Amino acid sequence: MPARIMTSKAFQSRFGSKLPIVCPPMAGVAGGRLAAAVHKAGGFGYIGAGHKPFDTLVEDVRLAKETLSLSPNDDLPVGVGFMGWKFEPPQLEKETGINDGERWLAYIIHEAKARSVWISFANDLKAWVDRARAIEKAGSNGASTRKEKLLIAIMVHSAAKAKEALSWKNVDAVVLQGTEAGGHGADSEHGAPLDELLDAVLGDTSMSSDSRPLILAAGGISSPAAVAKYLGREGVAAVVPGTALCVADESTLSDPQKKLLVDAQDGASGTARSVRWDIARGTTGWPVGVDGRGLRDAVSESSGEVQKGGPPVTWAGTGVGDVTKTGPVADILQHLASEYRGETEAGV
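Counted the way full-length UniProt numbering counts, the sequence shown spans residues 1 to 348.
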């Protein structure tokens with residue numbers, strides 16, 4: 001079996017999915033229903049969390065378990081996102097933030113019993129990774145009844161950070177997010193295109209591929225050809241096609257915004273990276289070097305002082321031109337995997 005396919009099989013075995021395709025924890029998109037539907041369709045889904053109050057996460061977990069016909073005490077075979085910056089200064093004082101963040105993590109790990117937590121956008125990423133693993137361990141010595149080990153995925157935007165994170169013993173997967181990705185990510189100064197990141201990380205022969213975390217590729221992956229391309233790279237265990245899953249029937253994105261994504265023709269020219277949307281929405285405070293990619297509109301294209309309010313931003317990656325219709329997420333996943341499946345069936 002080719003090494004690249006063995007890597008994908010390792011992801012599928014570890015994460016319990018039939019396909020090496022991941023739905024990221026997108027705010028305003030990936031609720032409990034979408035994450036559960038992705039799981040049922042063979043992928044691995046994450047619930048977006050942290051952008052709304054704690055009770056919203058509790059409801060999304062309830063909805064996901066209900067969708068999967070699970071009882072409240074059952075393990076949840078999907079993941080939950082955790083945005084570290086929400087619990088760090090200056091958003092919260094240090095001790096308050098740690099306590100609040102640990103409360104969220106304890107719920108995710110021991111009450112929701114999520115299969116995985118996706119930690120991102122933290123000024124001190126490793127500290128949150130270590131806290132999550134410590135919370136898991138503390139529960140295993142007490143009354144926790146979760147059956148599966150917690151899988152910790154982290155998202156990074158530079159080759160240097162990826163190489164550092166790949167040496168952390170508490171991490172199961174590292175998501176390399178290129179600047180092509182829609183939504184929040186690194187700006188052009190602090191990040192790089194996905195191919196450049198992969199070349200730097202996968203080409204580093206000093207790192208053993210046997211013991212390091214799995215590498216997931218994210219950024220501009222919205223077509224069967226792109227899925228096959230990145231899963232065809234030795235060392236890539238799974239792909240993360242966010243924009244393509246925004247238009248799923250199970251997504252919580254509004255219908256008008258789904259239509260904007262479907263109608264978009266060229267993601268390279270029709271999207272932009274900007275902090276202006278966050279300024280207009282009053283959602284600033286992200287770590288240094290973070291902005292967002294979305295469909296160009298009056299906010300991103302205007303000059304001068306940003307006016308507060310305006311229409312909602314429609315986040316989109318450079319692959320949005322490949323998103324041509326809405327539909328059930330099962331159909332979207334089947335479409336995305338179509339060329340990869342044919343390749344593996346012919347080659348194994």
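No lab work stands behind these hints: they were computed from the structure.
Values in this document were obtained by computation on a predicted structure and should not be read as measured data.
Hints may be right or wrong, so weigh each one.
Stated by the list, open to error - Below, in silico cross-link-like pairs of lysine-lysine (DSS-like), each with a Cα-Cα straight-line distance of 30 Å or less: (1) LYS94 x LYS137; (2) LYS169 x LYS258; (3) LYS258 x LYS18; (4) LYS86 x LYS163; (5) LYS18 x LYS163; (6) LYS147 x LYS18; (7) LYS161 x LYS137; (8) LYS163 x LYS137; (9) LYS325 x LYS259; (10) LYS147 x LYS126; (11) LYS308 x LYS169; (12) LYS259 x LYS9; (13) LYS161 x LYS94; (14) LYS86 x LYS126; (15) LYS163 x LYS9; (16) LYS137 x LYS86; (17) LYS9 x LYS126; (18) LYS229 x LYS52; (19) LYS137 x LYS169; (20) LYS325 x LYS40; (21) LYS40 x LYS163; (22) LYS52 x LYS9; (23) LYS169 x LYS18; (24) LYS40 x LYS149; (25) LYS40 x LYS94; (26) LYS9 x LYS86; (27) LYS52 x LYS149; (28) LYS52 x LYS161; (29) LYS40 x LYS147.
As the list claims (entries may be wrong) - Label pairs and their computed distance ranges (CB to CB): (30) GLN265 x ARG233: 26 to 34 Å; (31) GLY310 x ASN73: 29 to 37 Å; (32) ASP130 x GLY304: 43 to 51 Å; (33) SER211 x LYS147: 18 to 26 Å; (34) PRO256 x SER302: 42 to 50 Å; (35) PHE54 x ASP130: 20 to 28 Å; (36) ASP266 x GLY327: 19 to 27 Å; (37) PRO89 x ASP195: 31 to 39 Å; (38) ASN99 x GLY327: 39 to 47 Å.
We put the beta carbon where it would ideally sit given N, CA and C, even for glycine.
Cross-check of the supplied hints:
Taken as a hint, the LYS94 and LYS137 pair is honoured in the structure, with Cα atoms around 23 Å apart against an allowance of 30 Å. Distance restraint check for LYS169 and LYS258: the Cα-Cα separation of roughly 39 Å exceeds the 30 Å cut-off, and the hinted pair is therefore not satisfied. For the hint linking LYS258 to LYS18, the alpha-carbon distance of about 27 Å falls within 30 Å, and the restraint holds. At roughly 25 Å between alpha-carbon atoms, LYS86 and LYS163 fall within 30 Å of each other, so this suggested pair holds.
Distance hint between LYS18 and LYS163 is fulfilled; the C-alpha atoms sit about 28 Å from each other, no more than 30 Å. A C-alpha spacing of about 20 Å is found between LYS147 and LYS18, which places the hinted pair at or below 30 Å, so the restraint holds. Proximity of LYS161 to LYS137 is assessed by CA-CA distance (about 26 Å); at most 30 Å being required, the pair is judged to hold. For the given pair, LYS163 sits about 26 Å from LYS137 by alpha-carbon distance, which is consistent with the 30 Å threshold.
At most 30 Å may separate the alpha-carbon atoms for a hinted pair to count; LYS325 and LYS259 meet this at roughly 8 Å. Taking the CA atoms of LYS147 and LYS126, the gap is near 25 Å; set against the 30 Å cutoff, the hint holds. This hinted pair does not check out: LYS308 and LYS169 have alpha carbons roughly 44 Å apart, beyond 30 Å. About 35 Å separates the Cα atoms of LYS259 and LYS9, which puts this hinted pair outside 30 Å; it is violated.
The straight-line distance between the Cα atoms of LYS161 and LYS94 is roughly 23 Å, inside the 30 Å bound, and the hint therefore holds. A hinted pair counts as satisfied when its Cα atoms are at most 30 Å apart, and LYS86 with LYS126 qualifies at roughly 15 Å. The suggested pairing of LYS163 with LYS9 holds, with an alpha-carbon distance near 22 Å, which does not exceed 30 Å. With a C-alpha separation of about 24 Å, the suggested pairing of LYS137 with LYS86 holds against the 30 Å cut-off.
In summary, the hint linking LYS9 to LYS126 is supported, as the alpha carbons are separated by about 27 Å, within the 30 Å threshold. A C-alpha spacing of about 35 Å is found between LYS229 and LYS52, which places the hinted pair above 30 Å, so the restraint is violated. Annotation: proposed proximity of LYS137 to LYS169 holds, straight-line Cα distance about 14 Å (limit 30 Å). Under the criterion of a C-alpha separation no larger than 30 Å, the hint pairing LYS325 with LYS40 is consistent with the structure, at around 21 Å.
For the hint linking LYS40 to LYS163, the alpha-carbon distance of about 33 Å lies beyond 30 Å, and the restraint is violated. Between LYS52 and LYS9, the direct Cα distance comes to roughly 35 Å. Violation of the 30 Å bound is thereby established for this hinted pair. Distance restraint check for LYS169 and LYS18: the Cα-Cα separation of roughly 26 Å lies within the 30 Å cut-off, and the hinted pair is therefore satisfied. The hinted pair formed by LYS40 and LYS149 meets the criterion: a straight-line CA distance of about 20 Å does not exceed 30 Å.
With a CA separation close to 39 Å, the supplied pair LYS40 and LYS94 exceeds the 30 Å bound. A distance of roughly 34 Å separates the Cα atoms of LYS9 and LYS86; the hinted pair therefore is violated under the 30 Å criterion. Annotation: proposed proximity of LYS52 to LYS149 holds, straight-line Cα distance about 27 Å (limit 30 Å). Distance check on the hinted pair: LYS52 and LYS161 sit about 28 Å apart at the alpha-carbon level, within 30 Å; holds.
For the hint linking LYS40 to LYS147, the alpha-carbon distance of about 20 Å falls within 30 Å, and the restraint holds. Taking the beta carbon of each, GLN265 and ARG233 are about 28 Å apart, inside 26 to 34 Å as hinted. A hinted range of 29 to 37 Å for the beta carbons of GLY310 and ASN73 is inconsistent with their spacing of about 44 Å. Between ASP130 and GLY304 the Cβ separation comes to about 44 Å, which falls inside the hinted range of 43 to 51 Å.
Look at SER211 against LYS147: about 25 Å separates their beta carbons, and that is inside 18 to 26 Å. Evaluation of the 42 to 50 Å hint for PRO256 and SER302 yields a failure: the beta carbon distance comes to about 21 Å. Between PHE54 and ASP130, the C-beta spacing of about 22 Å keeps the proposed range 20 to 28 Å intact. A hinted range of 19 to 27 Å for the beta carbons of ASP266 and GLY327 is consistent with their spacing of about 22 Å.
At about 35 Å, the CB distance of PRO89 to ASP195 agrees with the hint of 31 to 39 Å. Look at ASN99 against GLY327: about 43 Å separates their beta carbons, and that is inside 39 to 47 Å.
Hints 2, 11, 12, 18, 21, 22, 25, 26, 31 and 34 from the earlier list are contradicted by this structure; the remaining hints agree with it.
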